[in-house]
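Visitor: Given next are the chains, with one letter for each unit.
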Amino acid sequence: MGSNTLSVLPDANRKLQPDKKRLLTSQADCYFAFIRAAIITALCTLFSASLYAAQWQSSVISSVLWSASSHNFKQQNYQFTVEPEFILRFDNNAKLTALGRLRSIGLDALSPEGVTDKAYSPFSKPLFIGNSSELELREFYVEFPSDNFYFTLGKQQVVWGKADGLKVLDIVNPQSYREFILEDFDDSRIPQWLANIESNFRGWDTQFLWIPDQSYHILATDDALYTPTSPLMLPQSQAGVSSVEVKPFKRPARTLMDSDVGLRLSRFWRGWDLTLNYLYQYDNFALLYQRRSLTSHGLHVEIEPQYRRTHVLGGSFSNAFDHWVLRGELAYFSNRYFLAEGPSTSNGLAKGEEISYVIGLDWAGLENTLISGQLFQSVVLNRQSATIRDKTDSTVSLLVNHTLLNDTIELRFVCLANTNIGDGLVRLRASYEWQDNLKTWISNDTYYGSREGIFGQFDNNDRLTLGIEMGFE
Amino acid sequence: MKQTHLIIVLISIFALPVLAQNLTDSNVNGLPTGEEIAAHINSRDEGKAVSRKLKIEMRDRSGKIRQRETMSYRKYFAKEKRTVIFYLAPKNIKDTAFLTYDYNDPDLADDQWLYLPALRKVRRISASDRGDYFLGTDMTYEDIKLETRVSTADFNFQTIGTCNAKGKPGLKIEGIPKTQEIARELGYSKTQSCVDNEIWMVRTSQFWDIKDNLLKTVTINDIEKIQGIWTQKNIEVENHKTGHSTGLTFSEVDYRSSVADGIFNTNAMKRGL
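If you're matching them up, the sequences are chains A and B in order. Heads up, the first sequence is in this note's numbering, so the first residue is 1 and it goes up one at a time. Heads up, the second sequence is in this note's numbering, so the first residue is 474 and it goes up one at a time.
Source of the hints: derived by calculation from the structure; they are not laboratory data. Hints are not guaranteed to be accurate.
Claimed, not checked - Derived DSSO-like pairs: lysine-lysine, alpha-carbon spacing no greater than 27 Å straight-line:
hint	chain 1	residue 1	chain 2	residue 2
1	A	Lys439	B	Lys567
2	A	Lys125	B	Lys594
3	B	Lys528	A	Lys439
Please model the entire structure based on the sequences and the hints provided.
Guide: Here it is, written out as structure tokens:
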């Protein structure tokens with residue numbers, strides 16, 4: 001994404017007017033006071049309490065993957081993961097949770113390092129060991145109730161929304177696309193250091209989020225298995241371009257002023273689960289600003305990945321009617337940047353607004369079976385110029401889940417299909433629980449459709465997976 | 474005259490089953506009616522709120538045993554009953570939580586939610602799924618919700634005699650679903666229960682599936698008075714169709730400590746214990 005000028009960008013380094021400066025300073029003071037209070041409260045809560053219980057649990061997950069395309073079928077990868085979890089409980093209801101992950105991967109094209117690691121904040125970045133392993137503190141947070149408040153402070157995941165497999169409001173934490181969307185969201189979500197404060201106000205459950213940790217979506221880098229190539233995601237090479245230079249990521253650097261903040265109000269009203277959500281965040285996808293210049297060798301293109309803020313305003317709902325559950329979520333994004341069509345636009349991007357929504361219908365009329373369909377649509381509003389993507393982009397999904405033998409066997413079919421491009425992904429999975437803490441599974445992921453599509457771009461990366469998971473307590 | 478005889482005969486034909494039922498129901502040697510027994514069961518003191526640990530043991534036909542440990546809370550908000558169950562172990566199901574709001578008004582469907590830690594999302598569940606088996610056990614969602622009570626909104630109860638459960642004399646009642654739709658929803662065409670009429674608790678129950686085959690037997694092996702309230706400590710459920718069985722053992726039962734209202738909502742399900 002990109003162009004010759006940066007005229008649409010506000011100058012991050014411009015001089016602030018004195019009164020605005022004063023305002024920001026007072027806002028920063030408020031932030032500092034708030035953080036101080038929260039940290040002091042957390043420390044007082046922890047140190048004034050006695051430890052009365054400690055729990056340790058761990059999971060070991062191992063999987064082998066085979067890839068298949070129209071040309072070959074070969075072993076792609078093996079993966080070994082250890083996830084230890086520690087919980088300390090104190091006698092004043094405070095709880096400290098630590099969750100780690102050590103992951104070793106036996107294929108360079110999926111190596112942990114083969115990602116846009118500059119998108120991690122320095123505080124959240126995993127430790128890469130060689131080019132095949134990573135060690136990460138996934139979550140580390142303290143929880144404690146205090147009067148009408150419930151505090152969760154530390155590195156954690158926050159999940160909003162009611163959609164399955166498609167994200168509209170589940171955007172608080174960024175995500176790793178190292179394996180595109182094949183990893184479970186619980187594993188691919190990137191936990192962040194944040195303050196999560198919940199309370200109840202006049203019948204509404206409120207959740208306030210303050211997220212100083214600036215991590216963004218992680219994408220697979222060049223030559224990795226799931227490196228994006230679709231023109232919907234990356235600028236394509238053009239005739240006459242002699243060289244392309246990708247500049248370092250330009251990251252927001254101000255800890256306080258570049259923080260994300262969020263607010264969610266939720267309540268149960270006449271059978272409806274309702275939420276109202278607001279998030280002021282940096283869009284988790286880097287915008288690929290392009291700058292073109294003519295050199296003696298031809299056209300030179302500089303790509304400078306940057307992050308831009310957006311307001312997100314949305315809500316969600318769900319209710320049950322007989323055998324049916326209706327659910328949905330909607331979000332409006334005030335500032336979005338899309339890859340522009342044609343070389344005429346200055347920086348390769350077209351600014352606009354976006355509305356995304358999901359409507360889902362679950363049916364559970366058959367015993368131990370769930371059938372769920374979803375329609376996801378994203379609509380671009382007020383585009384400044386034509387975009388590569390269509391104004392309205394639609395994806396439909398179907399999930400069929402069936403359990404047998406008292407939930408020891410689970411069969412799952414998932415299909416995601418983009419109706420604009422005609423590409424999609426079909427996922428099949430069967431799992432068997434041998435014992436309380438021993439489960440095996442076999443799964444198949446098949447992409448289809450045009451290489452220009454979000455799913456079709458990985459048409460050569462169909463895969464078969466065998467996995468085993470053991471738990472220890 | 475002939476016409477009068479015909480009317481009498483017709484009335485006799487149509488009224489006979491009703492008369493027979495009434496005879497079976499209310500006056501099997503002067504026993505209380507099924508509805509009276511059901512009312513006694515449902516008016517038994519359960520405490521305003523309770524917290525307890527529940528250990529679930531699931532055994533399959535081949536002898537394989539799976540175990541779950543949960544913590545559950547129940548509380549009455551006026552006549553509305555709210556129940557939440559948190560799974561504590563094993564690791565692969567830990568943090569799963571189930572919440573139900575059971576309304577006193579029979580015209581109002583229950584509201585139910587399930588928190589799935591793998592998704593980190595609370596999923597709304599249709600109350601019409603109440604005949605589905607609850608997380609691999611031999612209890613349905615409806616069984617879990619009712620606990621020791623019986624549903625007079627779904628069944629017509631009649632007394633069919635006396636019974637003996639583990640040496641305790643009792644009254645035997647039969648429940649027939651009020652409609653075919655309810656029968657299909659619950660998965661039961663008939664139930665028969667032996668009720669201890671000293672403490673008005675069900676000691677054993679049998680359930681027949683909608684094809685009228687014996688489906689499962691529920692036996693309450695251990696009943697104890699805790700803090701003044703008769704409490705079931707162990708329940709065994711045997712599924713005759715699958716050969717699978719489930720044992721439920723309650724411990725640390727506490728009716729006196731307060732249970733916070735805030736634990737019965739979807740945010741508390743996500744936070745877990």
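Visitor: Work down the list of hints and note, for each, if the structure agrees.
Guide: Comparing the hints with the structure gives:
no.	hint	verdict
1	A:Lys439 / B:Lys567	holds (15 Å)
2	A:Lys125 / B:Lys594	holds (25 Å)
3	B:Lys528 / A:Lys439	holds (21 Å)
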